[in-house]
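**Q** So the chains spell out like this:
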Amino acid sequence: MTPHRFLLGKPWIWSFAATVIVWIITVLFTGGASSFGLSQAALTFAAFSVIVGIGQMFVITLGPGNIDLSVPATMTLSGTLALKLMDVQDGMILVGLLASIGIGLIVGLGNYVLIKLLRIPPIIATLSMSFIIQSVAIWSNRGLRIKPPEMLANFTTSDLFGIPNVALVAFLLSVLAWVLLEKSIYGRWISAIGQSMFAARMASIPVDGTRLVTYMLCAVLAALCGYLLASFSGGAALNMGSEYLLLSIAVVVIGGTAVAGGNSNIPGIWGASLFLFLVVSMLNTYGFGAGFRLILTGLIIIVVILLAGGRQSFR
Amino acid sequence: MKISSGTIRLLIPAASLALLLAAVFYMQPRAMSYNGLNLLFNLAVPIALATIAQMLIMSVNDLDLSMGTFVSFCACVAATMLQTSPMLGILIFVGAIAAYAAIGVVIHVRELPSIVVTLGMSFVWGGLAVLLLPSPGGTAPAWARWVMTAKPPLVPMAIVASIVIAGVTHFIVMRSSFGVLMRGVGGNNRSVQRAGWSVIGVRAGTYALAGFFAILSGIALVGLTTSADANIALRYTLLSIAGVILGGGQFVGGKVSPIGAVIGALTLTLAGSFLSFMRISPDWQIGAQGAILIVVLALRLALNRLEKREKSL
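Those sequence lines, one after another, are chains A and B. Each residue of the first sequence is one higher than the last, beginning at -10 in our numbering. Each residue of the second sequence is one higher than the last, beginning at 12 in our numbering.
If you are wondering where the hints come from, they were derived from the structure by calculation, not from laboratory data. Quick caveat, the model's predicted, so the values are computed rather than measured. Be careful, since some hints might not be right.
Heads up, simulated DSSO-like pairs for lysine-lysine below, C-alpha to C-alpha not over 30 Å straight-line [said to hold, decoys possible]:
#, chain 1, residue 1, chain 2, residue 2
1, B, Lys319, B, Lys266
2, A, Lys172, A, Lys105
3, A, Lys105, B, Lys162
4, A, Lys172, A, Lys73
5, B, Lys319, A, Lys172
Next up, chain A with everything else stripped away, as it sits in the complex (with noise of 0.2 Å):
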């Protein structure tokens, strides 16, 4: 199509080539000693993000100006009713896990009302919701830190052959997620919208119900993010979901989906997620200050997307 994306072949490879890279250079640091480590707390914490990650790049598919803020707000959401209906009882797990998930139908729901009956962009549609959102978990927090439920929380700190639960968890979902986008006709169907929703609603493709899906599917897959991530901590904090915000936009983007919509990638998202944070502990391992640290992840970010995301081919 592009002599670009003929010579760069499948986008997500680079980051997965600089995740190894990143990977080899910590490993040596530290001698070896704790690469079976770094890799468990690689994958595990990449495990959360690609799962925001995954609904976020729904979401972009759809096209310009398709962002979803309240992710954040909705992981916190989550956790912290889950945690509270759960109330410490192991018998209570799926219940926690329902309820996760009927507050992301929710708050999907919510978001795309506000953006096709008040035509709000949704950029700021997602924002107004967050600030709901944000409210609703604060008054039922009240400060309080409730554990979750044993079985829960060890599921999710624990690993089944060496690899994390969570891992595994977030792997099942992005295969779910890859054959809803490259096999059903509901992804062929965000795609094109993301490509030109004109064209699309010419095309008869049920535009409405296909972005309003997508939204509640990003919603469901943060909250579900949130319910995983409190259980993983051992509780839920207000701001635990805060730097999923542009972390989850950074993983799309630099996995290789097209910010402008209508062109969506999975492996690349993994590929993202593992070499953000592998980035994050090698400049750890090597002593660098907060500072460098937000300063270095910054320009790498800036410099991959130099690399990879020139678009000028296409003209």
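Based on the hints, put chain B in the right spot on chain A.
**A** Below, chain B without anything else, positioned relative to chain A:
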């Protein structure tokens, strides 16, 4: 009845600000004084400046997600370098403006999404701010303090400053030829190019100007708070975007309004005070702010429909 569509677009933001102000006065009549108004709108000045900066970026169809961290960084520079060695401080600010212009050029040349580049930059500015001020501190330069706490006769400083900001930026964006070009790039950058203008130059200039206003915002903020920390203005990113939209600006098409943006920033600030006067529990304050945002935007939709109906008649 000859009202330009620009005026109509300003009507809703102005009306919602007036309505909120009336509600505040009704609940707290003592706010209707020189000091009361000053207190109500004091924090609006840095927000208005940041909103103007965001509006400039939005006028060329881009979005700056690093606004909050950049203003924080500027506040840190203002509270440290600018205070101890003014020359060095000014040099850093000039460098920051150059960096903004460079971002504009890079985004244009490589056709990168501005959201991602500024996202990356937000980490960079945040990191620089942490390096400058690892813990809250610093002192505001005496002159910044003086400007922000000045008490002009009759009208409080916050109002004077807002009017000056609105007036100056209205002139730059709506009346100067650079402003017309800038909005032209947002509207249709190809036709600007075909008309023989350098789109790169316009975009670089727009970004530089935005950087300049964001720096003013940082200095104004430090002038109010007397000290700074690396996270002082993080919420400005979202506040500034919301302010532009509240003021009738749009994400694409170069449709922006500087006066509207300042009014939007004032409305957002006032909404905060209004909620505390309402004795809404602190738990719900953020949520109520979101609700106010939604209501105002719904009103705007209603007005837009009215405008369209009149046109079709």
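**Q** Are the hints correct? Go through all of them and say.
**A** Checked hints:
Annotation: proposed proximity of B:Lys319 to B:Lys266 holds, straight-line Cα distance about 17 Å (limit 30 Å). Restraint check for A:Lys172 and A:Lys105: the C-alpha separation of about 28 Å stays at or below 30 Å, so the hint holds. Restraint check for A:Lys105 and B:Lys162: the C-alpha separation of about 46 Å exceeds 30 Å, so the hint is violated. Annotation: proposed proximity of A:Lys172 to A:Lys73 is violated, straight-line Cα distance about 38 Å (limit 30 Å).
Restraint check: the Cα-Cα separation between B:Lys319 and A:Lys172 comes to about 42 Å, which exceeds 30 Å; the hinted pair is violated.
Violated hints, in rising order: 3, 4, 5; the structure is consistent with all others.
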